[in-house]
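Student: Protein chains in written order, with this note's numbering: chain A, 99 to 733; chain B, 10 to 384; chain C, 9 to 263.
Do not rely on the hints blindly, as some may be mistaken.
Unchecked claim - Computed footprint of chain A on chain C; a stretch qualifies when at least three of its residues, placed anywhere within it, have a C-beta under 8 Å from a C-beta of chain A:
id, stretch
1, 62-69
2, 118-129
3, 164-176
Stated by the list, open to error - Listed next, the in silico BS3-like pairs over lysine-lysine satisfying Cα-Cα at most 30 Å (straight line):
id, chain 1, residue 1, chain 2, residue 2
4, C, Lys28, C, Lys111
5, B, Lys19, C, Lys111
6, C, Lys207, C, Lys141
7, A, Lys527, B, Lys52
8, C, Lys206, B, Lys27
9, A, Lys125, B, Lys19
10, A, Lys257, B, Lys52
11, A, Lys534, B, Lys377
It is worth saying that the hints were derived from the structure and are not from the lab. All values derive from a computational prediction rather than experimental measurement. All residues carry an ideal CB built from backbone N, CA and C; glycine is no exception.
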Amino acid sequence: MPHEDPQPPEPAKRFQKQGFSYENAIKFFFASNAGLTIVILALIITFLLKEGLGFFPGYQRELEVYRIAGLEFVDISRKNLTAHEQITSILNRSYYAEINGNCAHQMHRSQEASALVNAYSDLTGPTRDLIVNNSQPDSSPSPEMLTNLKKNFEKQKSKALSTLPPTPHLTPEERQALIESIRSRAFDATEDPPLVASLATEFAEAREKQVKPLERLRTTIDTFESAGSELSSLVSEMTGSVTATKEKIQHADILEKDRKTLLAAASGAKDPVEREKLIAAAHASLAEKPDIEGPINILMERRPACIAVHQSLKDAAASISTQLPNSLTQPEATNLLKVAHNLWPLFLADLEKTPQTINDWNHKTPVPLSTAISSFLTGKDWVTGGEWQDFYGILPLAAGSLMISIVALTLAIPSGIGAAIYVNQFASKREQSLIKPVIEFIQAIPSVVLGFIGILIFGTILRDLSLMDSLRWIPGFPIEERLNIFTAGCLLALMSIPTIFSLAEDAINNVPSAYAEAAEALGASRVQTTFRVIIPAAFSGILAAVLLGFGRVIGETMVVLLVAGNRIKIPDFTSGLGTFFQPCHTLTGIIAQELGEVPLGSVHYRALFVVGILLFAVVLIINATAHRFVNRMRQ
Amino acid sequence: MFNPETLIRKGLPKGHFKDVAARSFLGGITYLVVSIAVLLFAKIIADGAPVLFKPEAPFVDFEFLTAKNETLHVFDDAQGNRHQLPAAAYSQYVSQHEGATQFNEQTYSYSGGGIAGPIAGTALLTIGSMILALFFGVSAAIYLSEYAKQSPFIHAIRLAILNLAGIPSIVFGLFGFSVFVLAVPVITSAPSDRSLLAIPLLIGDYFLSFQGWNSSLMAGCATLACMILPVIITASEESLRAVPQGFRDASLAMGATRWQTIRKCVLPFSLPGILTSSLLAITRVAGETAPIMFTAAVAAKDDLPWQGLKNPFDLLSSQVQALPYHIYTLAARIPSSEFTQRAQYGSVFVFLLLVAFLSLGSMILRAKLRAKLKW
Amino acid sequence: MVSMQTAIQIQNVSFAYGAKQVLHDVCMDIPARQVTAYIGPSGCGKSTLLRCFNRINDRISGAHLTAGSIRIHDVDINRADIDLQELRRRVGMVFQKYNPFAKSIYDNVAFSLRVAGKTKRSELDDIVEDALKNAALWDEVKDRLHSSAFGLSGGQQQRLCIARAIANQPEILLMDEPCAALDPLATLKIEELISELKKQYTIIIVTHNMAQATRCSDQTAFMYLGKLVEFGPTMQIFENPKDPQTEAYVTGTFG
């Protein structure tokens, strides 16, 4: 180095005398900065555990209260009630699917006509109301303003008429007539145009015709529905008393906690006067033990009534199931009927078991910690902030995350790896310089932008597609929600394609060229060389790419928060592939959505940290496996 | 006996159709991905560009970039003219036209004005976290590439880096929230109730209280820095290792100390590489939403970050708006309509433009670097 | 009229990688069922020439024949309608660094047959056994045919590569410094194998090792700076070279 300044050696020596060298200090400085990574990782683990582990005892206490207050007892009956309501609603949906399906044509015509009129009214309504209000005798608008408003109205009217929704089931003449009647009606007229009314009548008549042959089904459904009314009133009677008990217990818990805090503060206080004051306050906060036995005994007295109600519901349900038809003319109706038929035996079996469960139930059965853990890991409900009881079951969230990952990986693996193979093996230099930057740029897009694309562009396109008659055959179409598992999966696929692509391309690129050369020298064609030699040799690298893509998908937050639909419910797998078009919630999304709204230190707050621990562990395992594959590839 | 005639194929080569099928299948997939990406960009550009650009000189609508974010008021006046005014202009209008009635008034949150606040917030977050991450990251990389020998300590560091790199961003959000927002020490005269530990300092009435920095610019920067640290370390170490061993040997042989060698013979040559890869890290830091949701970001704020401060420290301990969080708010919290589109697509377009510039810059720099540095 | 004894006719061949000319006007006839050795200093173009015989140079972008022709049994292998895969099946090749695939021993040998469309198990079994026997490897590996090829020693791996190359019964076998990465004992085994194989195949070998050339080749060609300097029977090249450059090289005064 020509411009190296000659450094006098003295300073170093001076430090050395004290057993501390300047060089070593620098080294120590760098080493400590490197050690920072370990500190950060340790902090992450410590704080996740610190906040998270408190969850289980807290949840255990919540479940204990749930039991001793008798909420659990009520839920035995409530569960059957819910099942009954579910079956009723399926039967009703089947009934209406049959009727509406049989007069679908009339229904569409009527709906389209009213949709058209409504679209017009939505746009012109506000201005029209203004004019009407200002024309009242008691208001005194300036004439200039009225003219302006009327001008405005005309403007909006012509705009509205030019943006009317399509009416594929109406003939052009009918549409023309409809538009004409809107155009020509007095602006303060509110009654529907005659065609809308006549189409509505037409539809009503068609329905009427359909109702006749289904009368028996209707009666059956109604009988079933009313069979549950007794149970329903019983449950609501019990609900009030147990909720009151629960509140009492919770209040006592809070007082007890305050007392402990005060006592702890008292033992730490130095000033004796202060200490006395704190102890006095603690004594004042001593809660009287809430009366548990009284309300529970009242509840227990209802046992025979409860059992009797279940008995009669079971008998009614068993006889009704034989009266239901096996199929209807509309496929959707038949499908729903089938679902009901499938649910029936489960429902009856549950009812059968209920009296035993009711008799066995005892509010004194202890709730061990393991119950809290297992009900977190295998619980089917994540219910928070409810008035009844909070449950923290992870299954709906895990199922959502998993379903989205399945969709994303199903799309991203073939396209990511396919593109990697193509770019590395077959593409010309020119193609490479086009494809690679585009895919690299996809990687640079922030996930929140992808989420935005999902909400405003992709979801809408998907919904419009699903409404097309020619695509009805796809299971799950037409979709109910534009934000669902499939939408989120597609966007996450787009997000993980660059990861999978670049890692897989690296893996393929790292296969020694001697392999390809040897294969071609043995008479293999390019495609044979690629698929029989290069891909197998790069296999573990490609597997690592897929795993890292999976890790990225499962840990991604913003896209799923925006696009997955955020319905906390295990997807209804009875709808087959249509399941993928249901909304769901995810492990990452729940943290992002709820952390900002929970009280610090509450059970709910801690539950979110446990979800975080779970995510952390899952992603670490995935990444560790991936790196093992990468190392195997290197060897 | 060998018949040389077999070397000459008749018609198309064997397996030709398989070849063509395989190639076109793979090519089809590839171009499908590419064209989907291009279509999405085109859609955003088509909807977003008109917000930022206009047909007459100076072609760029700086107002969108420099105006504060406000609620948008849409209404008709008595003449039937439709007005779209952001909150400040709206109240001015109302005071000017006292007594006049507005019709069909509707308000759209976050949709009026520009995005100066989010841009400034993101810039501050990015600068702050990159300063932290570069300082600690480059130092760590120097240790790993220049000093470290095989030892359990180094092994642990590498394992930690590997694991940190894989942690989902939302977990960093949880970490930042529980550590930087709620637990790191501050010096204060009045420790908060939830302080984990308050140690009285001997000077005055002050305590060293472990109560966190609250949701603030500081906490956000620290969280983002932790998240990006492994990326910076890995990239810097790579650049440092790319400097030939000979440079170091020569310098050490001339009697320079280790630190002099690093400062004069290694760092200057690896600096361009480190900076190039930090550009890519910036795109990631600027685009992350999950880690700042609970540590720094706020949806609505009247002042720009540096306005209304009593002392510079207030800047660090106040919440900021951030572009990615703003986009999240626009996408998730408000219903889309013709009046919100300007804000929605405009913000996304500006954001994408920013990301595109950064990643393009890093691509070009990388190419230049490769061409320039060859030893 | 070409004699049936000539396997490869090289006529005025010039060859370039892009703009870089590496072979200049090479002419020679390689006799069938003999071992022909190419010697010469590094970068003289001997490997390039060898790699022209099965057109494996096509893999490298920009590599092309600028003049002349190469004819194998009177068929110009650079014509447009050559079946490239068939050519490579007829002209086997063994590389400098042994490069078995990450597959089992059996799958390595059967590879060329499978890509040619032969998949009948019994047929493959016979051919694999024959090839391994011909490569003098059968006794060493017959008990672990389905274990990974990477478990073999270097010399065994190279013999596996030879077995792989002869499994398809090629006419010509190209060997590009087959012993460069091997120890002397393994080298000896390969050389023995070569003298065994020349009964069935035309063998062309590139070597740096002049002793090796004298030990196992019948004909020797000396190349220098992309040109063929001298070609003739091995004994004559080493004992009585006509060209002073050849003499300098074989006596070790340069190169």
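Student: Give me the numbers of the hints this structure contradicts, sorted from smallest to largest.
Tutor: 4, 5, 8, 9
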